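**Student:** Residue-level listing of the chains:
Protein chains: 2
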Amino acid sequence: MLLYCILILLTTQSHCYGPPFRRDLQSTHQATMPTKQHYSQGLETYRVPMSLYATNRVKVITSLLSKLTTSSISQGIVLLEGGKQETRQDTDHEPVFRQESYFHYLFGTNLPDCYGALSFVRGEHKSVLFVPTWGEEVATVCGESPDFEELAEELGVDLVLGVDSLSGWVADELGRLQSEKGVNGSVNGHSSNDGPKLFVLKGLNTDSGNYAKPAYYQGIEELENMKDEDTLFNCIAECRVHKSQAEIDLMRYTNFISSQAHVDVMRKTQPGMMEYQLGSLFMHHTYYNGGCRFMSYTCICACGPNAKILHYGHAGRPNSRLLLQNDMALLDMGAEYHCYASDITCSFPVSGSFTPDQLAIYTSVLNAQVRVIEQLKPGVSWIDMHRDAEREVLKGLIGCGVLLGGDDVDSTIECMLEADLGAIFMPHGLGHLIGIDTHDVGGYLEGNPPRSTRPGLKKLRTARVMEEGMVITVEPGCYFINRLLDGALQNEKQKYFFNEERLRDFRGFGGVRLEDNVVITAAGCENLSQCPRAPQEVLDVMAGKEWPPNNDILPGLKRVWATCKGGAMEALDLMQKA
Amino acid sequence: MLLYCILILLTTQSHCYGPPFRRDLQSTHQATMPTKQHYSQGLETYRVPMSLYATNRVKVITSLLSKLTTSSISQGIVLLEGGKQETRQDTDHEPVFRQESYFHYLFGTNLPDCYGALSFVRGEHKSVLFVPTWGEEVATVCGESPDFEELAEELGVDLVLGVDSLSGWVADELGRLQSEKGVNGSVNGHSSNDGPKLFVLKGLNTDSGNYAKPAYYQGIEELENMKDEDTLFNCIAECRVHKSQAEIDLMRYTNFISSQAHVDVMRKTQPGMMEYQLGSLFMHHTYYNGGCRFMSYTCICACGPNAKILHYGHAGRPNSRLLLQNDMALLDMGAEYHCYASDITCSFPVSGSFTPDQLAIYTSVLNAQVRVIEQLKPGVSWIDMHRDAEREVLKGLIGCGVLLGGDDVDSTIECMLEADLGAIFMPHGLGHLIGIDTHDVGGYLEGNPPRSTRPGLKKLRTARVMEEGMVITVEPGCYFINRLLDGALQNEKQKYFFNEERLRDFRGFGGVRLEDNVVITAAGCENLSQCPRAPQEVLDVMAGKEWPPNNDILPGLKRVWATCKGGAMEALDLMQKA
Chain A
909 MLLYCILILL
919 TTQSHCYGPP
929 FRRDLQSTHQ
939 ATMPTKQHYS
949 QGLETYRVPM
959 SLYATNRVKV
969 ITSLLSKLTT
979 SSISQGIVLL
989 EGGKQETRQD
999 TDHEPVFRQE
1009 SYFHYLFGTN
1019 LPDCYGALSF
1029 VRGEHKSVLF
1039 VPTWGEEVAT
1049 VCGESPDFEE
1059 LAEELGVDLV
1069 LGVDSLSGWV
1079 ADELGRLQSE
1089 KGVNGSVNGH
1099 SSNDGPKLFV
1109 LKGLNTDSGN
1119 YAKPAYYQGI
1129 EELENMKDED
1139 TLFNCIAECR
1149 VHKSQAEIDL
1159 MRYTNFISSQ
1169 AHVDVMRKTQ
1179 PGMMEYQLGS
1189 LFMHHTYYNG
1199 GCRFMSYTCI
1209 CACGPNAKIL
1219 HYGHAGRPNS
1229 RLLLQNDMAL
1239 LDMGAEYHCY
1249 ASDITCSFPV
1259 SGSFTPDQLA
1269 IYTSVLNAQV
1279 RVIEQLKPGV
1289 SWIDMHRDAE
1299 REVLKGLIGC
1309 GVLLGGDDVD
1319 STIECMLEAD
1329 LGAIFMPHGL
1339 GHLIGIDTHD
1349 VGGYLEGNPP
1359 RSTRPGLKKL
1369 RTARVMEEGM
1379 VITVEPGCYF
1389 INRLLDGALQ
1399 NEKQKYFFNE
1409 ERLRDFRGFG
1419 GVRLEDNVVI
1429 TAAGCENLSQ
1439 CPRAPQEVLD
1449 VMAGKEWPPN
1459 NDILPGLKRV
1469 WATCKGGAME
1479 ALDLMQKA
Chain B
909 MLLYCILILL
919 TTQSHCYGPP
929 FRRDLQSTHQ
939 ATMPTKQHYS
949 QGLETYRVPM
959 SLYATNRVKV
969 ITSLLSKLTT
979 SSISQGIVLL
989 EGGKQETRQD
999 TDHEPVFRQE
1009 SYFHYLFGTN
1019 LPDCYGALSF
1029 VRGEHKSVLF
1039 VPTWGEEVAT
1049 VCGESPDFEE
1059 LAEELGVDLV
1069 LGVDSLSGWV
1079 ADELGRLQSE
1089 KGVNGSVNGH
1099 SSNDGPKLFV
1109 LKGLNTDSGN
1119 YAKPAYYQGI
1129 EELENMKDED
1139 TLFNCIAECR
1149 VHKSQAEIDL
1159 MRYTNFISSQ
1169 AHVDVMRKTQ
1179 PGMMEYQLGS
1189 LFMHHTYYNG
1199 GCRFMSYTCI
1209 CACGPNAKIL
1219 HYGHAGRPNS
1229 RLLLQNDMAL
1239 LDMGAEYHCY
1249 ASDITCSFPV
1259 SGSFTPDQLA
1269 IYTSVLNAQV
1279 RVIEQLKPGV
1289 SWIDMHRDAE
1299 REVLKGLIGC
1309 GVLLGGDDVD
1319 STIECMLEAD
1329 LGAIFMPHGL
1339 GHLIGIDTHD
1349 VGGYLEGNPP
1359 RSTRPGLKKL
1369 RTARVMEEGM
1379 VITVEPGCYF
1389 INRLLDGALQ
1399 NEKQKYFFNE
1409 ERLRDFRGFG
1419 GVRLEDNVVI
1429 TAAGCENLSQ
1439 CPRAPQEVLD
1449 VMAGKEWPPN
1459 NDILPGLKRV
1469 WATCKGGAME
1479 ALDLMQKA
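Line order of the protein sequences matches chains A and B.
Residue 1293 in the numbering used here sits at position 385 of the first sequence; the count goes up by one each step and never skips.
Residue 1126 in the numbering used here sits at position 218 of the second sequence; the count goes up by one each step and never skips.
FYI, nobody ran anything at the bench for these hints, they're computed from the structure.
Since we're looking at a predicted model, the values are computed, not measured.
Take every hint as true, because none was put in to throw you off.
Same chains, same label: a pair holds when it works inside one copy or across any pair of copies.
Calculated lysine-lysine pairs in the DSBU-like style (CA-CA distance at most 30 Å, straight line):
#, residue 1, residue 2
1, Lys1135, Lys975
2, Lys1110, Lys992
3, Lys992, Lys1121
4, Lys1366, Lys992
5, Lys1473, Lys1485
6, Lys1110, Lys1121
7, Lys1176, Lys1453
8, Lys1473, Lys1176
9, Lys1303, Lys1285
Looking at chain A on its own, in the form it has when it is part of the complex (with noise of 0.2 Å):
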């Protein structure tokens, strides 16, 4: 029997995602669920309720809902096609399956070559996933084909089917939504081209320049005339964009795994080491104790001058540097859970200890850090946070002598501005939104305001004003980067900022970023990321003192401290702890 599930919002749902930060939230969470519905890897790791996917599902079915009230269409079939178990090349070898992210942002399994729908008739849905089988010979390599009411179970679907049922299933559905139209008339008296419609995923990643994909299966072409394929892909990106509570807490999750795993590496490193162990260090650390069977993102190991290289590591520059006394660690590395990532940048002296340049460029990039996070709040313009990590980059750099800041500093700083200054030394944008991706969708969705053409401002991946709900990486940067360095000498509107003979000091430096994860609350932001940012914090961790500290000495930063215990988040006092 198809069970349908109410779509009752409720007020803790609508405003899950504010501040504060609840100890007992998570035990909540999963006491309204049967024990067997969250996700886990086991042990300590985190415990993932499955209804954040169902959740997730009404917070789309309603946004598609509002999105249709000019067509009076009130029911139809949201389909989703999974991702696909590859192979690489012409060979059997089979990478580990990651999910399709929004196929997971509404069900939650790690299956490969599934299908999933959604069918509603105004304020009711029910969830259906799509599994493959398999035969005998099949069970001997891989294991027993899914038993369909133990995963709907797992997963808090409604119903588990057969892929090979998909077609005459939404056939089917098509035809009984049609006739329950019929019988229930229509809505606001529109006529009957207001029929059921098939809703399939296409749009624009602003980030790749790539389609998503809408789902496919033989035989959906004769459904050509009741397809839409124009309204989901905003709704779920939009609504992938405000975070619920749930969502909230298991990123505080892969930030808090990923956090430890950054103090263990910096405790770890020396001169002497290749770059890619420390990326070996970080990734056994987030699978070993966390569970992290994934990166977000490749490792960015950069030391020395490899730091200036924005997405080092890739199989081109494979993290393939060793470690000396006098280089900055730049290690952009970030673990996912069930999906969820985290992206986190630390930047340290390999030797333990900072030279007076490489303390006034990390200090520069820090005090852009925290100008930025203790602005942060629903209303704010992200291309006004970029300018101001400009602004104090750009002060740092005049402060060690490389740039002239004149007798008025602070107009100086608006003039470099004005000239694109600031895109030479922090070349990239100040963040970008993240969630089940790292590089998360939403940035340039339609209604918010469009990508600069600006050096700096155009690489920005959002230009979105602040809204609650919303996770986003606070990223400024510092570099020196020979190409655009020499092409500021020579532009008529930038040289005259530099003291050249003090930039020479800088030109096999690299750079410095650092990272956080930060959530936006109605009165402010959130933390996610735990690392030692202060410099004494990153010389007392490298050191072997404990972490976290007895005391917050950069409230700043917003740091909201907190643990994993039995699989659940937990608020942590810095104080009682010590």
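Place chain B on chain A using the hints.
**Tutor:** For chain B alone, kept in the frame of chain A given last:
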């Protein structure tokens, strides 16, 4: 200027894969190469000489020419397309790139989005690599475009060009070869339809059922009449079957580092851990200590009853069991280094001591492994080896009372084989060719024995007769799979062999598999893997005793003890070590 390599097939190259493993071999290799011409991850990781790939190129061109004697074509271009950097679905998430295997075989580079060409005229060829280049914006993110001359020097290829010049180069080169033919006259008096050909790769991978994709670029359609899709695949695949000494040394390294990692995991395994933690330990050990960024395949960390799922560990079975005191662990894990694989399975009791039943099954599998390895040499049929492995497993099952041996055990076992009983307990092939792919190519190339249709035998990934230079896994196993057992108990030919009551003791046992990588030599074989195999070795290692041991108590396994020093593999004398 384009330099030509002269095709010199030294005697040491054509017979270079034979024993004995020589202490000084690697240094000899390196002495012939400029220091830049190797691949290494630094520190003590293995230095792969780029001459390995030069040898591969010579082998392929020689093989191709020998295939072309009947057609009298003596010039042409071999064109391969490298693997592409991919993104995950519509996002900008880029998994770490791993090179396509055929391309790696000839060019040995980790760079994505390349093409490679070998232009040959009779006994001479030149190698040209086409690499992507990018502008300043991408350079800030990914680092500078490759320097062509430096890259050619590093890789030991004759020329590096940008991919944008590929189309023009191919057209020009074919024209040049055509005119060269005109100048030098045709071979054996053949007519002008024997002009230069463009050889591209097309052929069936018999493990995946997929086809290798012929190189494609915009404009290649115009060369349709010069294209040859029929010849190259078999040539390269057959070359890949017979490993050179440099390839064997490299695989000795991947086996060395993976064996060490297995020992590390064995020592750290305890009841109360999760399966995936064992995989994390393995991956960290091989990456941190061995520079192995990739696993050859997804770690199979199958404990207790999970051991009966042959390819456990995938997304649907994510190594998520809690280890119990009485579990057997079956860990099938191998790292690759510069695209050359290892594939090793260890089985051991989680508790650190065998129960009598565990020891009985373990011993029967070990006996199968020794029996096969003792016999392996050129001329031996892999099918016969599979049968011998089944014999030992069945004998062991008779020994522990699961099967009934009757008065004449040996002839009973033959009756069991006739009834396909071996495939009930070992429902996979004895092993597979291994090289750049874990399931390496060439298992069923034309001219070799076809795939059997019988249970068990049909699972073999090759039915070939052993030849010198083949590297093959020997991986007998014994599993208790309820579905297969229940089927056998219903099968008129099989049910009479069972002691059903005794069988019940093993219903939740899972299974045991032992897997080594073995190279066929002129006189027999060498075992590249160096894992604890004798039960006493396993218990000693788990109790913390040193590995490798001071003497080899199981010489039948033909383990060749070696270690990596200063980036080269060295033979290890166990006695002297002590």
